[in-house]
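Colleague: Take these sequences, add in the hints, and give me the full structure.
Each number in the numbering used here comes from the position in the sequence shown (counting from 1) with 78 added on.
Derived from the structure by calculation, the hints contain no laboratory data. Treat the hints with care, since some could be wrong.
[As the list claims (entries may be wrong)] Calculated cross-link-like contacts (lysine-lysine; reagent style PhoX-like; alpha-carbon spacing at most 25 Å):
#1 Lys-85 x Lys-105
#2 Lys-105 x Lys-84
#3 Lys-171 x Lys-85
#4 Lys-94 x Lys-105
#5 Lys-171 x Lys-94
#6 Lys-97 x Lys-84
[To be verified] DEER-style ranges, computed between Cβ atoms:
#7 Ala-164 x Ala-111: 40 to 48 Å
#8 Pro-165 x Lys-80: 40 to 48 Å
#9 Gln-196 x Tyr-166: 33 to 41 Å
#10 Gln-196 x Ile-128: 30 to 38 Å
#11 Ala-109 x Gln-194: 35 to 43 Å
#12 Thr-117 x Gly-163: 18 to 26 Å
#13 Tyr-166 x Ser-191: 31 to 39 Å
For every residue, glycine included, the Cβ atom is placed at its ideal position computed from N, Cα and C.
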Amino acid sequence: MKLNFKKPQGLTLPVKLFKLLNAEIVKSAIAIASHNALTFNFRDTDYSAISGGYHPVEIRVERIGNNHKPDYWQLVYITDFSYQGAPYPELVKEVDVCFVNQRVYSLYGGNLSNYQGQALLSLFISNFIEYHTMDTYEVSISFD
Numbered sequence: 079m080k081l082n083f084k085k086p087q088g089l090t091l092p093v094k095l096f097k098l099l100n101a102e103i104v105k106s107a108i109a110i111a112s113h114n115a116l117t118f119n120f121r122d123t124d125y126s127a128i129s130g131g132y133h134p135v136e137i138r139v140e141r142i143g144n145n146h147k148p149d150y151w152q153l154v155y156i157t158d159f160s161y162q163g164a165p166y167p168e169l170v171k172e173v174d175v176c177f178v179n180q181r182v183y184s185l186y187g188g189n190l191s192n193y194q195g196q197a198l199l200s201l202f203i204s205n206f207i208e209y210h211t212m213d214t215y216e217v218s219i220s221f222d
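Modeller: In structure tokens:
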């Protein structure tokens with residue numbers, strides 16, 4: 079089954095991202111009809127604070143509407159995590175995109191202006207899609 083996305087207003091995303099998410103739904107064979115929210119987790123199993131690797135990425139989508147057909151899904155957030163801190167590094171949000179509030183946050187820049195946020199989002203999503211194409215991630219999907 080395929081997710082019918084309501085494209086976010088204000089933050090531009092490539093069609094490839096929506097195709098990628100739909101491809102993962104098809105691979106997982108999750109019956110989305112009975113769920114109202116999905117969380118996609120993309121993990122590089124070799125990523126560590128010491129050796130680095132590809133940052134974990136989490137994407138949340140939620141069903142919108144009042145049971146009207148067709149159902150639409152909207153992106154809620156996309157978050158990129160990285161290890162930070164010494165001597166005991168922890169995973170923290172390095173890039174956090176909130177589509178509900180149309181805000182882009184960077185660990186090193188705080189909340190970004192619309193222009194800076196769109197520039198970072200475009201670069202981040204472009205890289206994420208390429209890394210996914212290279213099969214760097216193990217993908218899991220949880221649902222509510």
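Colleague: Could you work out which earlier hints the structure fails to respect and list their numbers in ascending sequence?
Modeller: Those not satisfied: there are none.
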